[in-house]
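Engineer: Sequence:
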Amino acid sequence: MIQLHTPKASRNQERGRLSFMTSVSPSRVRFHDRGGEGGGTSPRTAGTFSVVPASHRTGRRSLLVASATLVSLALTAPASLAAPVPSPGKSGSPSPKKSASPSPEGSASSSASPSVTPPANMSAVGGARLAQAGPQVNLATGVPVLPKDLTARSWIVSDAESGQVLAAHNAHWRLPPASTLKMLFADTVLPKFPRTEKHKVRPTDLAGIGAGSSMVGIKEGETYTVHDLWLGVFLRSGNDAVHVLSAMNGGVDNTVRDMNEHAEQLQALDTDVVSPDGYDAPGQVSSAYDLTLFARSGLQKKDFREYCSTVTAKFPGETTKKKGKSVRGSFEIQNTNRLLSGDSDISVYQGIAGVKNGNTTNAGATFTGVAERNGKVLLVTVMNPEKNEHNEVYKETAKLFDWGFRAVGKVQPVGELVPPKGTAQASAQPGANASGEAGGAGSGGPSAAGAAGESTKPVVSATSEGGSGGMGIALAITGGLLALLAAGAYLVNRRWPLPDLVRRRR
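In the working numbering, the protein residues as written are 1 to 506.
Do not rely on the hints blindly, as some may be mistaken.
Simulated pairs of lysine-lysine, PhoX-like, Cα-Cα distance not exceeding 20 Å [to be verified]:
id : residue 1 : residue 2
1  : K219      : K322
2  : K301      : K323
3  : K399      : K387
4  : K410      : K399
5  : K410      : K376
6  : K192      : K301
7  : K148      : K399
8  : K219      : K321
9  : K200      : K321
10 : K321      : K301
11 : K399      : K376
12 : K376      : K148
Just so you know, these hints were derived from the structure itself, not from any lab.
Model the full structure from these sequences, guided by the hints.
Structural biologist: So, in structure tokens, the structure goes:
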């Protein structure tokens, strides 16, 4: 379900079950609940991962690259779609980072709607082509044309492993991100607390939540595990869960500061965080490019992969008295990502495994997804489709996934997803070819499987009964490839492989 954070709660807090199919997985297949207290074993949809604690937080790396903006030479491919535009001026320079949270009523009414026209000069991080407005793709023999009827203000299709940007449209347009910003929140905060840690919610923890925010249903005075709270963040896009975790992290202002620092470390220079939950706030912006960087970084973490791919879970309810005893029940929550959980007008996308959706009055609908097919892993981000149709952001995402899986291996990239600062690739950029295209062939060095000592044993394996254009959830991400060096830098050698993807049996 799409979550909304706008002043009128009755208009923007959607309720009800999110499912376009009676069941995403066959009823005979059983999965463990992903709940805290009150969990058990019952029929569940596929897509959950093994329970593995996240790594602890590491300090800022002392060795940073000299330049944060990677400007490639202009591409000369004759079949390019985009017309030449003037070279951007100073790009990739982040504006001053904010540290204050917005007022509760500071949603769409206090944040001006974004311009309908992209700026002439955008950031060139990842390549000069990405600084240009309009669709960027290298057409050639055998390369499929881009889908028709794409109305999003901004989108990007990239290879999650090699980092090649296959095609993009206004990739660096700085727009309100809505709850897709929770990917950065999770990537920043998730490693700091063990999932088993418990926290009793205080009234101050829930202070300052924006009017009309999406909520998972956290109650003051109740105790939740960190695991419970992350389920609330990822499945229900709960701003209440974000605020409780932010309180555990030293408060909203401290969390916003941490997020902005982490965004800079990831070279996500289009992003200014004001509210950790993505609630509309003046000056809060990101881009399709940056959101893709957040997803790619987060997917290196097992817990992140588990939460963003979980379809349903049990969430702790309120404690009540029965016959003199305290009893705490639970209720089911379902993922608001419609490509994962489905809806009446859209099927579960074949191979989908996360990541995060969002929707506010100011931002419109936003979404970043990751999917695997035939050994290829793609990331697609779509921001604010202009077409006013139900679930349009997912429909356009599915079209771009379809195009990407047909085009990958055939189309020459128009840019690349840059690695975090302080990595070998960030310093050397070995993949730029003579024409200035970032990305290269993406064959890279040897796989880093097992570098972090993670298991590669599959957790979920189920048959599919198909249905209406989708085969159900096609994979679970398990084991291997955190891709970390002993020094703490990401291992990037032209390819930045995600952990092994286990495809469901057809």
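Engineer: If a hint holds in the structure, say so; if it does not, say that too.
Structural biologist: Here is what the structure says about each hint:
no., hint, verdict
1, K219 - K322, "holds (19 Å)"
2, K301 - K323, "violated (44 Å)"
3, K399 - K387, "holds (14 Å)"
4, K410 - K399, "holds (17 Å)"
5, K410 - K376, "holds (13 Å)"
6, K192 - K301, "holds (12 Å)"
7, K148 - K399, "holds (9 Å)"
8, K219 - K321, "holds (16 Å)"
9, K200 - K321, "holds (19 Å)"
10, K321 - K301, "violated (39 Å)"
11, K399 - K376, "holds (16 Å)"
12, K376 - K148, "violated (23 Å)"
Hints 2, 10 and 12 from the list above are not met by this structure, while the remaining hints are.
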